[in-house]
Amino acid sequence: MAVAQPNNRSRRCCCCLFNIIWKLLIAIIILVVLIILIIWLIVQPRAFKFSVKEAKLTQFNYLNNNNTLRYNLVLNFTARNPNKKLNIYYDKVEGHVSYDGTRFASTDVITWLNSFRQYTKSTNSMNGVFSGKRVVVFDQNMGSDFERDKKDGIFRIDVKLYFTIRFRLGDFIGGYTKGNIKCGLDVPFGSNGTKVFNVFEPTTCDVTF
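Mapping to our numbering: the sequence shown position 3 is 55, numbers consecutive.
Heads up, some of the hints might be wrong.
[Claimed, not checked] Cβ-Cβ distance ranges computed for the label pairs, FRET-style: (1) G231 with N117: 37 to 45 angstroms; (2) Y214 with K75: 40 to 48 angstroms; (3) S167 with P134: 28 to 36 angstroms; (4) N116 with Q96: 16 to 24 angstroms; (5) Q111 with G153: 32 to 40 angstroms; (6) S167 with N116: 37 to 45 angstroms; (7) R132 with L221: 26 to 34 angstroms; (8) L221 with L115: 51 to 59 angstroms; (9) K101 with I73: 42 to 50 angstroms.
Rather than coming from a laboratory, the hints here were simulated on the basis of the structure. Don't be surprised by glycine CBs; every beta carbon is placed ideally from N, CA and C.
Please construct the entire structure, taking both the sequences and the accompanying hints into account.
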C-alpha cells in the first residue's frame, strides 16, 4: 500500500491540472465571445448595398456566319455604405457579363488606379464599360431566343462582380475581404442613333461575402 500512494497522488495531481486547464480554456473562450459580442454591438456592421442605376446597350449583334458577337454595354453602379462607424476601401472590383448563361465580356471596374475609400453613410458611383467582340457559339434554341429578344428590344444580361475590400474602424484597417455581387438585368437595346422605347429599371443586386 505504501508503494501505491505516490502513483495515486500523481494521478490526482494530473486530474487537478487537467481540470484547471479545461476551466481556463472555457473561460478564455467565453471572454473572446463576449469581446466579439461587445464589439459587434458597438460597431453594428452592415453589408454595403449595391445596385445598377443605369444600363445602356448600344450594340449587341450576332453574326451567324462566323459566330461573332459584337457588343457595347455601359453600366453605372451605385454602392451605399449604411454603416455608422465602418469605412470601406474598394481595392478591386472585376466585372463579368453573360447572356443566357454564356459569358461574353469582362472588365476591371475598380483597380489600384481608381480605388477609393467610402466613408460612413455615403454613396459612391462606379462605371463598367464592356465593349468589343467575341466568338460565341449559340445552339439553335439560344439563337432563336437572341432574335426574339432583339425583336422585343430588351436583353436579359446577368452581371457578376468579384470584389476585394477592406473595412476601417477608427485608425484600425482590417485585412482583405473578398466576395461577389450578382445582378440580373433587363437591358433595353438601341443601336447608336436609334431611340430606345423600353426604359431600364434600376436594379438592386445580391451581395455575398
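These are the hints, each one checked on the structure:
Checked against the given bound of 37 to 45 angstroms, the beta carbons of G231 and N117, roughly 41 angstroms apart, stay inside it. About 45 angstroms separates the C-beta atoms of Y214 and K75, a value consistent with the hinted range of 40 to 48 angstroms. Roughly 21 angstroms separates the CB atoms of S167 and P134, a value that falls outside the hinted 28 to 36 angstroms. A C-beta distance of roughly 55 angstroms is found between N116 and Q96, which places it outside the suggested range of 16 to 24 angstroms.
Separated by about 21 angstroms at the C-beta atoms, Q111 and G153 break the suggested range of 32 to 40 angstroms. Between S167 and N116 the beta carbon distance is about 41 angstroms. The supplied range of 37 to 45 angstroms therefore holds. At roughly 18 angstroms, the beta carbons of R132 and L221 sit outside the given window of 26 to 34 angstroms. At roughly 53 angstroms, the beta-carbon separation of L221 and L115 lies within the given 51 to 59 angstroms, and the hint holds.
Between K101 and I73, the C-beta spacing of about 46 angstroms keeps the proposed range 42 to 50 angstroms intact.
This entry does not satisfy hints 3, 4, 5, 7, going by the numbered hints stated previously.
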